[in-house]
Structure formats: structure tokens, C-alpha cells
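Q: Below are the chains, spelled out letter by letter.
Number of protein chains: 4
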Amino acid sequence: MKRLWDKGAAVDDMILRFTVGSDYVFDNRLVEYDVRASIAHAMMLRDKGYLTAEEFRQIETGLIAIGEQHANGGWKISLEEEDAHTAIENRLVKEIGDVGKKVHLARSRNDQVLAALRLYLMNEIEVVSGAAKKVIEALEIIVKEQGDVVLPGFTHMQQAMPSSVSLWAGGFVRELRDDVDGLRRTRSRVNVNPLGSVAGYGAGPLDIDREATARSLGFDSVQSPVTSVQLSRGKAEASVIFELVLLVNDLGRLAADLVLFSTSEFSYVHLADSITTGSSVMPQKRNPDVFELVRARSAQIPAWLAESLNICNKMTSGYHRDMQLLKEPLLRSIDVATSVCDIMAHALNEIRFTPESIRVDKSIFAAELAYEMVVRDNISFRDAYRIIAESKPWEGSVK
Amino acid sequence: MKRLWDKGAAVDDMILRFTVGSDYVFDNRLVEYDVRASIAHAMMLRDKGYLTAEEFRQIETGLIAIGEQHANGGWKISLEEEDAHTAIENRLVKEIGDVGKKVHLARSRNDQVLAALRLYLMNEIEVVSGAAKKVIEALEIIVKEQGDVVLPGFTHMQQAMPSSVSLWAGGFVRELRDDVDGLRRTRSRVNVNPLGSVAGYGAGPLDIDREATARSLGFDSVQSPVTSVQLSRGKAEASVIFELVLLVNDLGRLAADLVLFSTSEFSYVHLADSITTGSSVMPQKRNPDVFELVRARSAQIPAWLAESLNICNKMTSGYHRDMQLLKEPLLRSIDVATSVCDIMAHALNEIRFTPESIRVDKSIFAAELAYEMVVRDNISFRDAYRIIAESKPWEGSVK
Amino acid sequence: MKRLWDKGAAVDDMILRFTVGSDYVFDNRLVEYDVRASIAHAMMLRDKGYLTAEEFRQIETGLIAIGEQHANGGWKISLEEEDAHTAIENRLVKEIGDVGKKVHLARSRNDQVLAALRLYLMNEIEVVSGAAKKVIEALEIIVKEQGDVVLPGFTHMQQAMPSSVSLWAGGFVRELRDDVDGLRRTRSRVNVNPLGSVAGYGAGPLDIDREATARSLGFDSVQSPVTSVQLSRGKAEASVIFELVLLVNDLGRLAADLVLFSTSEFSYVHLADSITTGSSVMPQKRNPDVFELVRARSAQIPAWLAESLNICNKMTSGYHRDMQLLKEPLLRSIDVATSVCDIMAHALNEIRFTPESIRVDKSIFAAELAYEMVVRDNISFRDAYRIIAESKPWEGSVK
Amino acid sequence: MKRLWDKGAAVDDMILRFTVGSDYVFDNRLVEYDVRASIAHAMMLRDKGYLTAEEFRQIETGLIAIGEQHANGGWKISLEEEDAHTAIENRLVKEIGDVGKKVHLARSRNDQVLAALRLYLMNEIEVVSGAAKKVIEALEIIVKEQGDVVLPGFTHMQQAMPSSVSLWAGGFVRELRDDVDGLRRTRSRVNVNPLGSVAGYGAGPLDIDREATARSLGFDSVQSPVTSVQLSRGKAEASVIFELVLLVNDLGRLAADLVLFSTSEFSYVHLADSITTGSSVMPQKRNPDVFELVRARSAQIPAWLAESLNICNKMTSGYHRDMQLLKEPLLRSIDVATSVCDIMAHALNEIRFTPESIRVDKSIFAAELAYEMVVRDNISFRDAYRIIAESKPWEGSVK
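Chains as they are written, first to last, in my numbering: chain A, 3 to 401; chain B, 3 to 401; chain C, 3 to 401; chain D, 3 to 401.
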């Protein structure tokens with residue numbers, strides 16, 4: 003047997019290639035989680051009397067070995083196997099014989115895919131959060147070391163009010179923390195147990211214990227009724243991608259600031275040679291490519307969120323094969339978000355604000371002058387505003 | 003004075019029309035919230051000594067009166083006034099004289115807009131949640147009254163396993179509850195105090211109390227540092243729209259099921275005449291337009307999420323006028339989500355499952371037969387699966 | 003009779019409101035086109051013997067009168083009438099009596115909507131093209147009057163090579179011409195005759211002449227087979243919106259340049275007071291709001307393209323009521339694109355490049371120096387590049 | 003030398019990896035086109051006197067050899083080389099010595115990338131068109147062999163009017179032809195010569211002939227002025243993706259029909275075993291996965307169009323490194339569109355309409371009955387419609 007649903011009919015190779023797509027590649031990420039979920043499922047089958055203690059022991063030992071072999075590079079999923087689940091079950095039967103065929107009782111690939119995917123996502127939420135925190139740390143070092151540098155604060159890209167590197171970087175720190183918090187809130191959609199919903203309609207006459215697999219795997223709760231499991235496809239995935247959009251968008255805006263600040267017109271910041279690149283035709287150029295690409299990455303993930311949402315949009319209830327494609331935008335988004343965080347944490351160490359060339363318009367103190375006039379002369383803000391606007395005390399003078 | 007920033011120069015009418023856009027219409031929704039926020043701000047100014055008790059009393063009385071007049075239809079924001087904030091301050095000065103000019107101390111339209119918008123959003127979250135709960139109630143009545151009707155459960159749109167109206171509707175109930183929970187989780191981004199950030203760089207030398215305005219207005223916390231306020235623009239808005247996407251998508255899928263179930267081929271459900279419409283050319287038609295349009299609405303809101311995300315994408319930090327356009331997709335999404343919930347709660351009362359014409363393929367019991375064989379004959383699931391697949395015990399017989 | 007499909011059953015008001023949506027408002031734009039198409043249809047019915055000459059004359063006279071009354075503000079479509087088509091047929095029967103009931107032979111609202119919409123689009127393509135050409139003219143005036151001003155050419159937002167206002171504006175002129183060309187190419191999807199496809203499956207036993215209505219209305223060809231008419235829904239609409247995306251995106255990039263060029267750091271361009279706006283708190287500010295909002299508009303239309311594409315995505319063939327919502331993003335896009343062109347044509351007259359404050363880095367001549375070295379010394383470009391990169395002849399000196 | 007812009011400074015490996023991304027993999031597709039464009043460029047340099055005949059001969063021979071080696075699998079682009087252009091120039095210098103360093107005169111990677119990409123796109127437009135035509139052929143065979151099968155025509159997913167397999171398939175044939183026409187119209191944006199624009203500001207003092215390279219490479223025209231070349235980035239790419247969206251959407255709707263038609267409730271069509279797949283838990287299932295995945299693919303490409311549009315949206319003029327990421331959604335879209343066409347052309351051979359189980363409601367002849375009444379009784383269509391609607395002559399009887 004090659005595929006879990008194989009009944010012996012001729013396989014159309016072209017159809018196989020098209021339907022499997024890149025799933026067999028992606029699924030190498032899910033192997034360790036499918037092993038964990040399969041063991042939890044088998045343990046529940048044992049506790050409910052569908053497997054003997056010995057059968058369970060063999061299955062568990064077999065699955066652990068298969069997982070370790072995979073982790074050590076001993077095997078990869080082949081196109082013919084379609085996915086992690088088939089690859090593992092095939093190997094299990096080969097490894098421990100017919101008893102391996104008993105593990106698929108009371109489950110379907112539909113709930114199995116989701117169990118592995120959710121365990122994977124729980125892990126990735128922590129991975130991305132950790133990467134985001136490294137950016138926060140890099141910004142905090144900038145606050146500590148360069149925070150006192152005076153910057154103009156901008157509105158409409160015009161110098162507006164006095165600001166500082168501390169306020170500038172601090173704003174990003176706060177938003178990145180907000181992004182991490184948001185990412186973690188998605189666990190309320192991710193950390194629920196799909197196992198036992200089988201193809202979406204439960205295990206029929208079998209007596210299974212969904213709470214038990216939830217406990218074994220650390221899920222917060224059981225997703226119920228069983229029909230809600232497939233109906234919810236795409237919601238946890240899109241929730242994670244949405245939070246990654248906000249995270250990478252914040253980093254894209256940070257990058258946009260640095261691209262602007264490193265123009266010769268602004269000259270607020272100096273980028274170390276190690277993080278700039280050159281031109282094939284202009285010998286003088288040192289370009290902020292890394293920040294341009296972070297900005298461009300921030301333009302991609304929103305589209306992948308749309309991709310994820312499109313797939314389930316308008317679909318009737320119940321599982322559809324369409325949902326397989328949910329993995330693509332999800333994995334792309336996780337990988338890009340992580341790499342963007344990593345590179346920003348790295349590159350932020352290589353920027354230096356250059357107070358010597360930061361030019362602050364005196365006009366940015368206009369609101370402060372009006373405030374002082376309000377307090378000193380006991381006039382209304384509107385009147386002070388008009389007086390200052392007319393007298394233009396900042397004209398002709400630049401710090 | 004017509005506009006808060008007016009210094010007397012000639013106004014270019016075409017520019018005014020373009021820059022204001024539909025804001026002056028939308029902003030009628032914000033009047034009551036701006037009144038509340040302005041009173042809280044004035045109270046804080048009084049407590050910090052920038053207004054006398056008497057000045058505050060006049061401002062408060064004036065603002066309340068202006069709010070009530072608006073609620074009673076006494077005035078609407080004009081194009082020339084641009085927005086709610088200008089319209090209210092203008093009326094305040096007209097109503098109570100020069101003391102009204104004192105209210106804008108230590109604030110900018112930038113933080114003022116956000117305060118009103120967030121208070122508005124806190125309210126709308128409850129409005130939409132309430133509408134969604136009415137859909138849940140309508141589904142629960144279906145479960146109660148028609149829950150026992152047997153339905154085939156579908157995978158790949160093929161009959162797959164036995165199901166029921168109870169399982170079908172129950173899946174949607176669970177997901178709609180999840181949507182309401184998600185919508186409420188957005189409060190962590192909405193319910194934070196922007197007041198006191200002024201144009202995004204604070205109030206300079208003035209001694210203000212941001213905790214005080216947070217307390218007055220019921221915000222959970224103060225958004226700090228001040229630079230994060232404008233940097234976060236679009237995040238709360240997009241978070242709300244994202245949850246509305248999930249909510250309306252679930253309703254769109256419910257609608258897609260009902261459109262399918264009411265085809266003559268399926269004939270699972272009968273739609274009352276009162277919720278169907280006719281054709282201009284085919285006398286026999288009764289069409290499920292209402293469900294088609296719910297499905298189509300579910301295709302729109304994801305695009306409005308993209309619209310919201312696009313606006314802030316790649317922008318440098320600090321306020322940009324671009325952000326004004328964040329209101330359009332937000333209000334569109336809220337209005338459509340509410341109307342979709344309302345119409346679904348209504349229309350679900352008018353559907354009746356028709357067990358007499360629901361045809362269930364016997365083959366959907368195949369997995370159950372395999373399960374029974376596993377238990378009875380103590381063979382593995384894989385072997386039972388193969389035996390059932392080959393013997394096809396369901397063939398030739400249909401209920 | 004209120005609605006074309008009305009058979010006398012009670013009307014559910016809430017359902018009516020939801021299903022009609024804003025269609026009855028939008029459809030006022032289609033009245034004149036529906037009148038034209040209805041006359042062409044009636045003329046064909048006469049020529050094929052389904053109407054007498056006298057009947058046609060009455061119908062034609064009636065329709066023209068109804069169209070003129072509408073153009074003169076004599077009536078508007080009511081919610082109860084649902085759309086332009088019903089409103090016109092109702093009025094026709096009222097105006098000319100029972101003969102008016104004969105006009106709907108061999109047509110359905112499905113083909114009727116499309117005929118009017120396509121005629122409307124043919125007109126709007128010219129309207130938007132005309133507006134875009136005004137921007138081109140404004141840019142050409144800038145080239146003529148200020149073209150010689152030296153600008154640095156940027157790559158990576160860094161000064162890179164010598165450029166000029168002429169080259170800068172000329173690039174946009176070329177792209178706007180390309181946008182107009184693209185918009186006009188959409189006529190190959192717009193200018194095809196849907197009439198006679200009726201509900202999507204033709205007019206059955208009736209002998210109709212689709213070529214005749216195509217000729218009367220100026221359509222290039224007849225869309226055939228009849229099933230393709232509804233299958234193509236959304237394609238012409240999305241094609242138009244796509245070209246508007248490119249057009250407005252080009253204008254958004256032009257606006258982004260001007261926002262950047264008018265920062266105090268760049269100071270390349272001066273914006274007249276008449277096109278800038280102020281701040282409610284900072285008396286000194288003159289902001290480029292109009293260009294910021296053009297940029298923000300350019301971020302909206304791509305989402306409306308997605309909205310348009312989402313609506314038909316994955317739908318089975320044949321008409322669905324979902325398609326009614328195609329009008330919303332289409333009309334929004336047309337209106338915004340037109341207003342963006344209008345405002346840009348206007349605002350570009352109010353900008354002045356300020357050569358006195360444009361700072362050009364000497365380093366931007368580095369490639370030219372290398373080119374000269376290649377020619378003079380007969381060495382390879384790569385070697386010249388390296389020599390220039392190492393000797394940095396531009397250092398320390400700024401114009 | 004490893005990179006074209008390398009001046010000897012230490013390379014930050016992490017930055018290199020991030021900035022190069024997957025470009026070095028994608029670029030293997032561009033090698034043959036870069037070779038062609040480089041030869042055309044060198045020929046022009048020779049004709050303008052910047053290369054001797056002998057130098058050109060060496061460069062040409064070297065480039066051809068390098069291209070052939072690549073085509074034969076002799077080398078692949080390494081990460082360190084970044085892209086096709088660097089890889090080829092490096093190899094050229096290695097192969098033919100210092101004369102190879104002369105080829106980069108009067109060009110930049112900016113115009114070089116675009117030249118190769120546009121030549122590649124011209125080819126891919128034909129590849130995808132060819133694949134789409136195979137789907138058209140498969141549909142035409144269905145029309146020929148099964149066209150007479152009677153089908154109900156649907157509106158609102160309800161049986162509406164009589165139709166046939168011929169009309170059903172013919173509608174798709176017409177739309178696919180329209181898609182191919184649309185794809186080919188994108189050549190007006192693709193087939194223009196970017197060479198000679200160098201980094202976006204021309205070749206300064208050098209005397210080059212852009213018409214000559216256009217002629218050599220078969221471009222229809224020269225893109226001018228030079229600034230328009232980078233300003234147009236993304237427009238040709240998005241135009242191609244947009245047309246692929248329409249193409250794949252049409253195929254997705256065809257697939258949606260087939261998924262519906264192969265439900266047991268509809269039973270209009272039988273799918274051969276060779277194109278269906280099974281379930282891991284339900285032994286009886288044969289699922290239309292291939293059509294579900296075509297439908298899901300049609301939900302992805304619109305998002306990739308958004309991705310492409312997002313990248314250039316709101317960018318100031320001039321080249322930005324962001325634009326490198328335009329390749330990702332473009333290549334993904336081309337690959338998926340091609341594979342979807344291929345699989346549909348294949349799978350359509352394996353479907354058979356089953357007239358024996360197609361149930362046609364008699365009510366679908368209602369409009370025809372009304373038409374006949376109009377002709378026979380000389381009454382208006384509206385009156386005939388009402389009479390038929392009330393008498394319901396179709397009730398109780400089904401074919």
C-alpha cells in the first residue's frame with residue numbers, strides 16, 4: 003500500500019502530482035507532531051480497550067523510532083506517499099507489522115492533519131515571538147545607547163514637534179510587544195483538540211475519549227461538536243497570518259523610516275557597510291537593500307492572508323480538498339516573518355544616529371510656544387495658536 | 003473660523019472637497035463619542051489647573067447640549083467643517099463664547115479622532131456581537147425543533163458519513179460563538195487611551211494626566227509612549243475587520259449550504275416564500291437571493307480588510323493624512339456584518355428541513371461497518387477497510 | 003405591479019431591503035443606458051414581427067420621455083422598484099398602457115443589466131481617460147516650464163545619477179499614456195452585446211436577431227454562445243478596475259514623490275498655500291494632505307479589484323444574485339479614479355520646483371566619470387568602475 | 003569578484019542570504035534570456051564603436067557557450083552570485099578574460115533584469131496560451147461527443163431554462179478564448195525594450211542605440227523616456243498575473259460545476275476512477291480532488307495579483323530593491339496557471355455526462371410556454387408570464 007485510501011486501482015501519475023503538489027515537502031515539518039498525536043491517539047485507543055497494552059507499546063516504540071529517524075535525516079516523505087500521515091503509517095506497518103494497521107481506527111486524515119498542524123503552530127507561535135523579542139531587545143539597546151539624540155517628530159512627513167530616538171524606538175517597542183501579545187492570543191483558536199472528529203462526523207459507534215487526547219497533547223479544550231472542526235478550517239491559520247501581518251507591517255514601517263533616514267537629504271542615520279550593498283553600475287553607491295526588502299516583505303504577507311481567506315470563502319460545510327492549500331500561505335508567512343525578525347534584530351545593531359547632521363526646524367517648537375503663552379497669559383489655546391501662526395517667531399532661524 | 007487649522011488664507015474649494023471626502027458624513031456617528039471624550043479631556047484640564055471649575059462647567063454643559071441637539075437631529079456636520087471635531091468645537095465657541103476655545107489645549111485632532119473612534123468601536127463590538135447572537139439563537143431553535151432530522155455528512159461534497167440537522171447547525175453555533183469571542187478579544191487593541199499623545203509627540207511642557215482621561219472614559223490602559231499611538235493606527239481597525247471577516251465568512255458558508263440544500267437536486271430544505279424572490283422572465287422561479295447575497299457579502303469584507311491593511315502598509319512613522327481613509331472600510335465592514343447577521347437571524351426562522359425528500363446513500367455507513375468489523379472480528383482497521391471496500395455491501399440499495 | 007417578478011405574494015420588507023441594498027441608488031446612473039438598450043431591443047422585436055410599427059413607436063416615445071424626465075430630475079428609482087429596469091418598465095406601462103408590457107419579450111433582467119452596464123462602462127472609460135489626459139497636460143506644462151531644473155535621479159532612495167524635472171515628469175507622462183491605452187483595451191471585453199442571452203440560455207423558440215441590437219447599440223460583436231454571457235460576469239468589470247488600479251497607482255507614486263520632495267529635508271518643490279492644509283495644534287504647519295490622500299486612494303482600489311474578483315470566484319456557472327454586488331467596487335473605483343485625476347490635474351498647477359534649494363551630490367557623476375575613463379583610456383567598464391570606487395573623486399565636495 | 007557591485011568590503015553572510023532570498027534559484031529560468039539580451043547589447047556596443055569586432059566575437063562566443071552549458075545542466079547560479087546576471091558575467095570573464103569586463107558598459111542590472119524578464123514573459127505567454135488551448139480542445143471534444151445531452155440551465159443554482167452539454171461547454175470555450183486573447187494583449191506592456199535605461203537615468207555621455215537592441219531582440223518599441231522604465235516596474239508583471247487570474251478563475255468555475263455535477267444528488271457526470279482519489283477512513287469514497295484543487299488554485303492567484311500590486315504601491319519613483327520580490331508572485335502564478343491548464347486538459351477526457359440520471363424539471367419550460375402564448379394569443383409577455391405563473395402547468399410532472 004502506498005496511499006491510505008489505495009484500493010488497488012491504477013494510479014494516474016499526473017493526477018497524483020497535481021493533487022499532492024508540494025504537500026509532501028511541507029509535511030516534513032509535521033512529522034514530529036504527527037508522531038506525538040498518533041501516540042496520544044493510540045494511548046486513548048488502549049485505554050478504551052481497542053488496543054492491548056502490548057499493541058500500544060509496539061506502536062509507540064515504532065512511532066518514536068520513525069520520528070527519530072526522520073529527525074536524524076534518515077528519511078523524507080516521497081511524492082507517492084502524499085503526506086506525513088501516510089508516510090508514517092506506511093513505515094509503522096513495515097517496522098512493526100500488522101499491528102501498525104490498527105492505529106487508524108477512529109481517526110481520519112482530516113482530524114489527523116489538523117492535530118499535527120495545530121501542534122506545529124503552537125510551536126511556531128513561540129518561535130516567531132522569540133524572534134520578535136530579539137528585535138525588541140535590539141531597539142532597547144538603541145534606546146539605551148542613543149535614546150537622547152534629538153529627532154524632529156513628523157506628521158505628514160513634515161517636521162512637526164520635538165522628539166527623540168528614545169521616543170521613536172520606544173513606539174516600535176510598544177507595537178512589537180502588542181504584536182507578540184496578539185500572536186499569542188491566536189492560541190485560543192489553535193490550541194483546541196480536533197482528534198476524534200474523524201472525517202468531520204465523529205467515530206460513529208466507537209467509544210472514544212476526546213478529552214484524553216486533549217490532555218495528552220496539551221490542548222486547552224476539545225473542539226465540539228465534531229462538525230465544527232472542519233468548519234473552522236482556515237480560521238486558526240488566518241488568525242496566525244493576520245498577526246504576522248501586523249508584526250511584519252510594524253517592521254516594514256521601521257524599515258521605511260530607516261530607508262528615509264539614511265537618504266543623503268535626511269542623513270539622520272548611518273548604516274554600517276556590513277549591512278549595505280552596492281550598485282553594478284554606480285561605483286559610489288551603498289544602498290539600504292536590507293531595509294527595502296523588509297519593507298517589501300511587509301507588502302507580501304497581507305496578500306497571503308487574503309490567499310488563506312479566499313480558500314475557505316463561500317465553501318459549503320464539510321471537508322474539501324481545497325483546504326490542503328491552506329498550508330502554503332501559512333508556511334510562507336511563518337518563514338518570512340521569522341526571517342524578517344532575525345534580519346532586523348541583526349541589522350539594528352549596525353545603525354548609528356548621527357546627531358551632527360540632524361537638522362531640526364525651529365518651527366517645531368511652535369506648539370510649545372503656544373502652550374507657554376496659554377499658561378503665562380491665561381488666554382485660550384485657540385487665541386495663542388492664532389497669535390503664534392501670525393507672528394511666526396521661528397522664521398529665518400534654524401538650529 | 004471654519005476649520006481648526008484655519009489661519010485666514012483662501013480656501014481652495016476643490017481641494018477641500020477632495021480632502022474631506024465622505025468624512026463629514028461618517029463623522030456623524032462619532033459626535034456622541036467626541037462629546038464624551040472632550041468632556042473627559044476638559045475635566046482633566048480642570049483637575050490639572052488649566053481650566054477653572056466654572057470654565058469646565060460651561061464647557062461640559064455646552065458639549066452635552068451640542069451632543070443632544072445632534073442626537074435629536076438638530077444639526078449635521080457640514081462639508082466645510084470637515085469632521086465631527088471641528089463641528090463640535092465651532093458650535094461650542096458659538097454656544098458658550100471664548101471659553102470654548104480653551105478645550106483644545108493639550109490635544110490634537112490626531113488623538114481626538116482616535117479617542118472617539120475607539121469609543122465608537124467599543125460600542126460597535128457589542129452591537130455586532132448582539133446581532134451574531136441572534137443568529138446563534140435562530141440556529142438553536144432549529145436544533146431544538148428539527149435537530150433529529152437525518153442528514154448525510156459531506157466530504158468533498160460527496161455523501162460521506164451519517165449526520166443530522168443538530169450536528170450541522172451545532173457546528174455553526176460553535177463557530178459563531180468563536181467569532182464573537184474573537185471580536186471581543188480585539189478590545190485589547192481598541193480599549194486603550196490615545197488622549198494626551200496630541201499629534202503623536204505629547205503635550206510638551208504641559209502637565210497632563212493621561213490616566214485620568216483613561217479612567218473617565220473606561221479605557222483599560224494608557225497607550226504609551228506617545229509615539230506608539232499613531233504608529234498603531236490601523237491595527238485596532240484591521241483587528242476588528244479581521245474578526246468580522248471570520249464572522250461573515252461563517253455566515254456565508256451557512257448561506258452556501260442553504261443555497262445548495264434548496265436546489266431541486268438536493269431538496270433538503272424548503273425556504274418560505276417570504277424569503278425568496280422571483281425572476282423577471284421565468285414565471286416558475288423562487289430563488290434564494292437572500293442567501294446568495296449573504297454569500298456575496300462574505301466575499302466583500304476580506305477585500306475591505308486588505309484595503310485597511312494597504313493604507314498603513316510601508317508608511318514611515320508619524321501621522322499621515324492617508325489614515326483618514328481607514329474609516330471607510332471599517333464602517334462598511336461593520337454595517338455589512340451587522341446587516342448580514344440581522345437578515346440571517348430573520349431568514350433562518352423561515353427554513354424547514356424536508357426529511358421526506360432527503361436521500362441518504364447507504365454507502366455512508368461503510369466506515370461504521372468497518373468499525374463494527376474491527377470490534378467484532380478483532381482485525382485491524384486497515385484490513386476491515388479493505389474488506390468493506392471490496393465487498394461494497396451498500397451497492398444497489400438506497401433508503 | 004412593483005417588481006418584475008411579482009406574482010402577488012406578501013413581500014417581506016426586511017428581505018427586500020437587504021437584497022436590494024444600494025442598487026436602487028446606483029442604478030440611477032444606468033437609466034439613460036437602459037432606455038437606449040430597451041429601444042434597441044424593441045426595434046429588433048418590431049423588425050422580427052413581435053411588435054407592430056405602432057407599438058414600437060409608442061414604446062420608443064414612452065422610453066425617451068421617461069429617460070428625459072429622469073435626466074431632468076423628474077424621478078428617482080425607489081427602493082420598492084429595486085432597480086433601473088423595473089422602474090423604467092413600471093413607468094412605461096403607466097405612461098403608454100398595456101403595450102408597455104410587451105417590451106420584456108425575449109429578454110431578462112440578466113441580459114438587460116449587462117447591456118446597460120456595458121454601455122455605461124463604454125462611456126466611463128472615456129470619462130476617466132479624459133480626466134487622465136488632463137493630468138498628462140498638467141505634467142507637460144511642468145516639463146515645458148520647469149523641465150530644465152536639475153534633479154538627482156534616485157535608486158534605493160539614494161542619489162544615483164543626474165536627472166531633471168523633464169525626465170521625472172516625462173516618465174509619468176509615458177506611464178499615464180500607457181494607463182489610458184490599457185483602459186481602452188478593456189473595450190474588447192466591454193463592448194460586446196449580451197442582449198438576447200436572456201437569463202443565460204437564450205430565447206428558446208423565439209426568432210430574435212442579436213446582430214441587430216449589437217448594431218443599434220454600437221457593440222463590436224455579439225457574445226455567443228448565450229451561456230458565455232453570465233459566465234463572463236465580472237471579467238469586464240475586473241478588467242476596468244485593474245486598469246484603474248494601474249492608473250491610480252501611477253498617480254499615487256507621483257503623489258508620494260511630491261510628499262517626499264516637499265519635506266524640509268528635501269525642499270525640492272514648493273506647494274502653493276491653496277493646495278495645502280493646516281494642523282489643529284501646530285500653528286506653523288502647511289501639509290501636503292492632497293497628495294497624501296491621492297497616495298491613500300491608490301492603496302484602496304487594489305482592494306476593490308480583489309473585491310470584484312472574489313465575488314465570482316469559485317461560483318458554478320449560470321447567474322447568481324451574488325453578481326449584483328459587482329457594481330459596488332466598480333462604481334467606487336470609477337468615482338475615485340476620476341476624482342484623483344481631477345485633483346491631480348488641478349494640484350499639479352500649484353507646484354513649483356525650487357532649484358535654489360535642490361542639493362545634488364557630486365557622487366552622482368561617478369558612473370559618468372567611469373564611462374569617460376572607458377572611452378578615454380580604452381579600459382573595461384569593470385576596471386574603470388573599480389578605479390573610481392577606490393579613488394572617490396567626488397568626496398568632500400557638494401554643489 | 004563575486005558580486006557585480008563588490009568593492010572588496012567584508013560581506014555579511016546573513017545580509018546576503020536575506021537580500022538574495024530565492025532569487026538565485028528563480029534566476030535559472032532567466033539565463034537563456036540574459037544571454038540573448040547580453041549578446042544584443044554587445045552587438046550594439048560594437049556597432050557604436052565601444053567594442054571591436056573581435057571583442058564582440060569573443061563575448062558572443064563566450065555567452066553562447068555559457069548559455070549552452072547551463073541548458074545542459076553544467077552549472078547553476080550559486081547564492082553568492084546572487085542572480086543570473088552576475089553569474090553570467092563572472093563566467094564570461096573567467097572564460098574569455100578581461101574583455102568580458104567590457105560588456106557591462108552602458109547598462110545596469112536594473113535594465114538587464116527587465117530585458118531578460120520580459121523576454122522570458124513573452125515566451126511564457128505562449129506556453130500558458132498553448133496549455134489553455136489544450137483545455138479548449140478537450141472541451142470541444144466533449145461538445146462533439148456529448149454535446150446533445152440535455153442539461154437544465156441554472157440561475158441561482160435552481161433549474162431555470164433548458165440547456166445542453168454543448169451550451170455548457172461552449173460557454174467555457176468562449177471564455178477561455180477570451181482569456182487567451184487577454185493574455186496576449188499584455189504583450190503591449192511586456193514587449194518593449196528597457197535596455198539603455200541603465201539604472202533608470204540613461205547612459206549619460208555614451209552614444210548608444212536603443213532601437214538597435216529592440217530590433218535584435220524583437221521588442222516592438224523602445225520604452226522612453228528612460229525614467230519610465232523603472233516607474234513601470236510591476237505593471238507588465240501585474241497585467242500578466244491579472245489575465246492568469248481570469249483564466250484560472252474560469253477553470254475554477256468549470257471545476258466547481260464538475261464537483262457539483264458529480265455529487266450523488268446531481269449525478270450529471272461520471273468521473274473515471276483514474277482521476278478520483280479515495281478516503282483514508284471511508285472505504286466507499288471516490289472523490290473529485292483534482293477539481294477541488296483546481297478550484298482552490300483559482301482562489302490563490304488573485305492573492306498573488308494583490309501581492310504583486312502591493313509591492314510597488316505608494317513607492318516613490320526610481321528603482322527600489324523591493325521590486326526584486328515581484329518575481330515570486332509572477333513565477334508562482336505562471337507555474338500554477340500552466341499546471342491547472344495541463345491537468346484540466348487531461349481530466350476533461352475522463353468525464354462522461356450521464357443522461358440516464360439527469361433529471362430535468364418540467365418547470366424549466368415555463369418561459370417557453372409564456373413565449374408561445376405571446377405569439378399564439380397576441381398578448382403581452384407580462385400577461386402571459388402572470389397566466390403561466392398562476393396556472394403552473396408544470397406541477398406534479400417530472401421527466
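Don't take each hint at face value.
It does not matter which identical chain is meant; a pair holds if it fits inside one copy or across any two.
Distance condition first, Cα-Cα at most 30 Å in a straight line; then the derived DSS-like pairs of lysine-lysine [as the list claims (entries may be wrong)]:
#1 K364 x K50
#2 K50 x K394
#3 K364 x K136
#4 K394 x K146
#5 K96 x K78
#6 K136 x K146
#7 K394 x K96
Because the hints were derived from the structure by calculation, they are not lab data.
Q: Now, for every hint given, state plainly whether the structure supports it.
A: Each hint, compared with the structure:
1. Taking the shortest alpha-carbon separations for K364 and K50, only the inter-copy value of 28 Å comes in at or below 30 Å, while the best intra-copy value is 78 Å.
2. Taking identical chains as interchangeable, the C-alpha atoms of K50 and K394 lie at most 30 Å apart only when they sit on different chains, with a minimum of 29 Å there against 83 Å within one chain.
3. Proximity of K364 to K136 under the C-alpha cut-off of 30 Å is found in neither arrangement, the shortest distances being 36 Å within a copy and 39 Å between copies.
4. For the identical chains of this complex, K394 and K146 are neighbours neither inside a copy (36 Å) nor across copies (35 Å), given an alpha-carbon limit of 30 Å.
5. Proximity of K96 to K78 under the C-alpha cut-off of 30 Å is restricted to the intra-copy arrangement: shortest distance 16 Å within a copy versus 38 Å between copies.
6. In this homomeric assembly, K136 and K146 come within 30 Å of each other (Cα to Cα) only inside a single copy, at 15 Å, whereas the closest approach across copies is 53 Å.
7. Only between protomers do K394 and K96 lie at most 30 Å apart by alpha-carbon distance; the minimum there is 28 Å, versus 85 Å within a single protomer.
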